[in-house]
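Kindly produce the complete structure, drawing on both the sequences and the hints.
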Amino acid sequence: MARTLGPYVSSPHGKRLMGKEPLVFHCNYYNYFLQKTLLLDDELAMHEVIADAAASSAFATLSNAARGLELGTPDARRKLAEYTFSELGFGTIDLSRVTPSGGVAHVPVSHYGRCLRAASGAEFARPQSYFDAGFAAAAASVIHGVPLESLEGRIEACQSMGAPEGRIAVGPRKRRDAYFVSCGQGGQWAGTPVGPNKDTHVDESAILAALGTLDFSGNEEGLVPRFGVMLTNHFANFYNRISFEFVHRMKSTGLMEAAEDLLVEAGFRCAFHTFGGIMSSAEWDAVIKPQCKTKEDWVHGMVATVNALGWGVWRVHELSAERLVVRAYDDYESSGWLGTYGKAERPVSYLMAGGVAGIMNLIHVGDISRKPTLDLGFYEKVFESDARFFPRQVKSMAMGDDYSEVVAER
Amino acid sequence: MNGGFEARPDERCQRGLAVSYFVARGYDEERLRAALQAAWNHSLIEASETWGKRTVRRLVRQFRFEVRLGVRDGEISFLHRALASPEQRAAQSGVFESCLRTAIAAKEERT
Amino acid sequence: MNTIGEMFPGNMGRVRLTRVALKLRMPTLLQTPPDQALDAALLTKLTLCLAEVQKG
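Protein chains in written order, with this note's numbering: chain A, 1 to 410; chain V, 411 to 521; chain R, 522 to 577.
Hints may contain errors.
Below 30 Å or equal to it, Euclidean Cα-Cα: the simulated DSS-like pairs (lysine-lysine) are [stated by the list, open to error]:
hint: 1; chain 1: A; residue 1: K174; chain 2: R; residue 2: K544
hint: 2; chain 1: A; residue 1: K251; chain 2: A; residue 2: K395
hint: 3; chain 1: A; residue 1: K293; chain 2: A; residue 2: K198
hint: 4; chain 1: R; residue 1: K576; chain 2: A; residue 2: K371
hint: 5; chain 1: R; residue 1: K576; chain 2: R; residue 2: K544
hint: 6; chain 1: A; residue 1: K289; chain 2: V; residue 2: K463
hint: 7; chain 1: R; residue 1: K576; chain 2: A; residue 2: K381
hint: 8; chain 1: V; residue 1: K517; chain 2: A; residue 2: K289
hint: 9; chain 1: A; residue 1: K293; chain 2: V; residue 2: K517
Calculated directly from the structure, the hints in this document are not laboratory data.
The structure is reproduced here in structure tokens:
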């Protein structure tokens, strides 16, 4: 289908950009568990941060794309915004009733409104589509040339609460805090990563080439059903902003480390469902499994697949049945931290930590090759196992190292 | 098995939107493709993807469903779209299964 | 159930306890010995909070 979009641009170390904003693939399970963590403490007002982070990333993407495509009319920019929302897997949004002074955006299909329920296992106590609210505000700003600072989006109706469609009211901004300005690609390492590990039957370049032929665009509804999950081709800076701001806001509560633990746990959930889904999928069976002769090959195959997700370049540095050491060059979490806050005092690659341990837990504890049902019961079985793997972040690009390194051991 | 196939909804992710069909004795893929197109007045959008040595054919009725043929030997993926109502999902599943029976019978006639 | 350990068993329980501690802003919960008896008021508070946290 022909959509007006900012072009995808490849950037070093496996990154992909649209409108100069880095994109990363994540699934509905990670989107749910991350957001659930962030919304735990009402006093932090993280729902505002989520909407604002969405607005910041969307504004950067859409305004850069509109400029690059020389879209001179509001109608052309509206179509860009609507198509971008759908292309990236967020759903379908109708911005035609949003004017320069505000209005209501209709969201007949919303990833956040519809697709998080599969992960939650329970009805929602509050709406989930804060991302849509921020996106709508940013879109209105770009469409009508109105300063982003003057607008905000507010959820009027959300499918997660049973509404037939989402509705976002875009109007004058009431909050005083300023929008965060996206750092774009952020901090980058200028070196060249080591090549893929040769001590495996897995051919990473062949895997990346094969995955590169698959269609990861949002379908006509703006959703991306792949690997048994619902993917989003999401803004790295959105994830970084909401995660890092959460940690910042927890500093004064005495619970910062606990907050970091929960971000890593969200990474475990991501690994379990996204990686588990990938390793159980028909796509894996066809493209990657034929190369896998050993459990170690499964680890290499999954790491090769990670390198197609825009997360940076992961390399297996050390691997045995008891230990996995992964080095990530330009991991998106560190890139985002460096670009926004400068050098970090502690490692910030929470998703990477959960992901690395998750790979070993799936392969060595969960025996993912048998295609178990990836439900809560199975997650608990793996998580409670005495044989499960724990991650440690031992190096961090955000702290000034050349790469981030996670060690997963039992 | 009902008519030579087994349907298993994927409850894990797409909450009943995704159904996998397992056909133990195989089916005539071209016959199924043609029957589906005929059932929907040749309006289905077709595309294919290469997964390693496998070619997966996709047939899409926009805002209603997507069929993926050849995902694994004897396995077909049927994905209802989120906007399809429960009544539409039931109806399109029924039509699909009827076409599948035709394709299974066609394969059995040949062998 | 009168102790942290009974209310939040295992590794999954530890995650739930962390969520509860965060929601209630009670870091001391994470240092409470698992077999320490809890008073009735705290038990009630934790029970209600856990129910909130278990929602979607």
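Each hint, compared with the structure:
Only pairs whose Cα atoms come within 30 Å are accepted, and K174 of chain A paired with K544 of chain R is accepted, the gap being roughly 26 Å. Of the pairs offered as hints, the one joining K251 of chain A and K395 of chain A holds, with about 22 Å between alpha carbons and a cut-off of 30 Å not exceeded. Between K293 of chain A and K198 of chain A the CA atoms are separated by roughly 14 Å; this keeps the pair inside 30 Å, and the hint holds. Under the criterion of a C-alpha separation no larger than 30 Å, the hint pairing K576 of chain R with K371 of chain A is consistent with the structure, at around 28 Å.
Between K576 of chain R and K544 of chain R the alpha-carbon distance is near 13 Å, which keeps this suggested pair within the 30 Å criterion. For the hint linking K289 of chain A to K463 of chain V, the alpha-carbon distance of about 12 Å falls within 30 Å, and the restraint holds. At most 30 Å may separate the alpha-carbon atoms for a hinted pair to count; K576 of chain R and K381 of chain A meet this at roughly 21 Å. Between K517 of chain V and K289 of chain A, the direct Cα distance comes to roughly 29 Å. Compliance with the 30 Å bound is thereby established for this hinted pair.
Restraint check for K293 of chain A and K517 of chain V: the C-alpha separation of about 34 Å exceeds 30 Å, so the hint is violated.
Violation of the numbered hints given earlier is confined to hint 9; every other hint is satisfied by the structure.
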